[in-house]
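Q: Chain residues, written in single-letter form:
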Amino acid sequence: MGASTIVSHLILFIVVLGMTITLVSVLTGYVSQTGAVINLKQRSMINEIKTNIKIVSIKAENLSQNSTLKLYVKNTGYVTLKTSCLDVFIDREWVKNFTAIDPDSSELKSLWNPKETILLNVTLPKTLNESEVHEAKVVTCNGVSDSELFSK
Amino acid sequence: MGLDTIVAWSGALLVILLLIYSILDIHNNYLSQDIGLLQTIREEGSKLRTDFDVINISYNSSSQLLEVYLKNTGSEIIYFQDYSISRAKCFDVFIDDSWISKDKMKFILLNDSFDALLWNPDEYLKLNISIALSSGEHTIAIVLCNGVKEMETFVA
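Taken in order, these protein sequences are the chains called A and B. Just so you know, the working numbering puts 125 at position 125 of the first sequence, and the rest follows in order with no gaps. Take any residue in the second sequence, note its place counting from 1, add 152, and you have its number in the working numbering.
So here's chain A without its partners, still in its complex pose (with noise of 0.2 Å):
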């Protein structure tokens, strides 16, 4: 072997090694991205089927404007969830004015843990019929709902 010819190969060496080099490092940076997001997705549907709450009781003492309506929840799953991002519906309209508090303490609850109960005072925005059966709706933070009908 000349030494043009273990020139030229230690070109075409190097070459196809800076090659294979970019190639890789594109390739993990593709699989490493993609991996992030398939992940965080997974786990965003994970939380989902984690989370659960059930609409464990509901007194309706009066169902004038502005009177309160007690809707005790449990949360049923297996993730802590947050009440600040709550959501309330009465007969499929969201209800703005409700608070999160224990039942037991009356304190206010940011925080609510599995297999607790909290209770949400809501304020109900209109009149509703009493002869009727009414419906209340409360969704957690990732879309998880529960429902329950009502009347006084």
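If a hint is listed, it holds; no wrong ones were tucked in.
Below, a list of computed lysine-lysine pairs in the DSBU-like style, where the Cα atoms sit at most 30 Å apart:
hint, chain 1, residue 1, chain 2, residue 2
1, A, 126, A, 96
2, B, 256, A, 54
3, B, 258, A, 59
4, B, 301, A, 70
5, B, 241, A, 59
Honestly, the hints are just simulated from the structure, not real lab data.
The hints should help you fit chain B onto chain A, whose structure is shown.
A: Below, chain B without anything else, positioned relative to chain A:
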């Protein structure tokens, strides 16, 4: 074997190794999350196996004591969260849709054989509630920690 063959093999090996590493890394993430998911499925199955019945209710108006007898009719062992049989922290009781405070309730396992904190299948649980009730019909609702609920109407 020529130098070009060695270069080609080295490059191919490097690519394969990195691909295997990436696949293993992603699979490892999936595996840890799958285990979490399996636990959730297992606990959901436990909910399906949980059941209980209100078998008797009596109210003593002079002592203002409501006695409720419950039987574990499911196949799941129900445990008390706060390690105290007298106050089951995550058991909820409602009378006429009103929340009953935990300090008004006392749970007593009746035929407990060996494990004081566990309400085993077929065992009876007595629930004493200190409450003033008007004479007439009332409704009691009991919700277990996992959300399984039982309602019963009684006359005070």
